[in-house]
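One line per chain: the protein sequences are A and B, in this order. Residue 1353 in our numbering sits at position 54 of the first sequence; the count goes up by one each step and never skips. Residue 677 in our numbering sits at position 11 of the second sequence; the count goes up by one each step and never skips.
If you are wondering where the hints come from, they were derived from the structure by calculation, not from laboratory data. Given the structure is predicted, the values throughout are model-derived calculations rather than measurements. Take these hints with a grain of salt, some might be off.
Here are some, though not all, of the chain A residues that point toward chain B, as calculated from beta-carbon distances under 7 Å [said to hold, decoys possible]:
hint, residue
1, Lys1341
2, Gln1390
3, Tyr1394
4, Gly1401
Covered by chain B, per the in silico footprint, the following chain A stretches (three or more residues, Cβ under 8 Å) [claimed, not checked]:
hint, segment
5, 1328-1334
6, 1344-1353
Taking CB as the label site, the calculated pair distances span [as the list claims (entries may be wrong)]:
hint, chain 1, residue 1, chain 2, residue 2, range
7, B, Lys688, A, Lys1341, 15 to 25 Å
8, A, Ser1323, B, Thr679, 31 to 41 Å
9, B, Asn683, A, Glu1354, 40 to 50 Å
10, B, Met681, A, Thr1366, 43 to 53 Å
11, A, Ser1306, B, Thr725, 19 to 29 Å
12, B, Val678, A, Tyr1350, 37 to 47 Å
13, A, Glu1355, B, Thr679, 38 to 48 Å
14, A, Glu1316, B, Ser686, 45 to 55 Å
Every residue gets a Cβ at the ideal spot worked out from N, C-alpha and C, and that includes glycine.
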Amino acid sequence: EDQVTQSPEALRLQEGESSSLNCSYTVSGLRGLFWYRQDPGKGPEFLFTLYSAGEEKEKERLKATLTKKESFLHITAPKPEDSATYLCAVQPNDYKLSFGAGTTVTVRA
Amino acid sequence: DTAVSQTPKYLVTQMGNDKSIKCEQNLGHDTMYWYKQDSKKFLKIMFSYNNKELIINETVPNRFSPKSPDKAHLNLHINSLELGDSAVYFCASSRSDGHYGYTFGSGTRLTVV
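Pulled out of the complex, with its shape left as it was, chain A reads as follows (with noise of 0.2 Å):
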């Protein structure tokens, strides 16, 4: 059974303080690797796919990498509005998209 585990489960950080979340995950045959981020009160928003090890993607202070059994999602230099719950997904072969318990930051002025 496809598993996805992330760590920490909570990330307190000072505004300026760069930090990383993880995502661990077991899966057969992998067609992506998800980002997400979910604000209270709402949906989760799409940041990244990632496809193959190697890969990685940026979008203003998030950068996510991706290796074979491991995926990271850096923050550099956060600010209070990053504050949310991170989410990685997998997506195996069935198309099937398996979320772990996700990673909430808050950031602190």
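Place chain B on chain A using the hints.
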């Protein structure tokens, strides 16, 4: 112009009642999904439809029945509601190949009392 819209946003109902949640997408996607997010924030897939055809049906009680009248709509009907059905239900849509991710609605918070 909302891409994936769900109604209602909040639903409070008594045990034993029957209720429906509606979802519509205007992105031209072929595939739509229902996900359940429990109190621990875990998102779990329930159903998926591709061009009105059911393609994923996870282990969900048969009190839950999805219906897709056309590829832009996917509704969820729940019979005989139980306390454990309380959760946030998200509708999502994507291209058939899942590229560019799924687009989620803003969720329906269902509370069964």
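Now the hints, each set against the structure:
no. : hint                               : result
1   : Lys1341                            : 6 Å, holds
2   : Gln1390                            : 5 Å, holds
3   : Tyr1394                            : 5 Å, holds
4   : Gly1401                            : 6 Å, holds
5   : 1328-1334                          : holds (count 3)
6   : 1344-1353                          : holds (count 3)
7   : B:Lys688 <-> A:Lys1341: 15 to 25 Å : 18 Å, holds
8   : A:Ser1323 <-> B:Thr679: 31 to 41 Å : 39 Å, holds
9   : B:Asn683 <-> A:Glu1354: 40 to 50 Å : 48 Å, holds
10  : B:Met681 <-> A:Thr1366: 43 to 53 Å : 47 Å, holds
11  : A:Ser1306 <-> B:Thr725: 19 to 29 Å : 27 Å, holds
12  : B:Val678 <-> A:Tyr1350: 37 to 47 Å : 42 Å, holds
13  : A:Glu1355 <-> B:Thr679: 38 to 48 Å : 46 Å, holds
14  : A:Glu1316 <-> B:Ser686: 45 to 55 Å : 46 Å, holds
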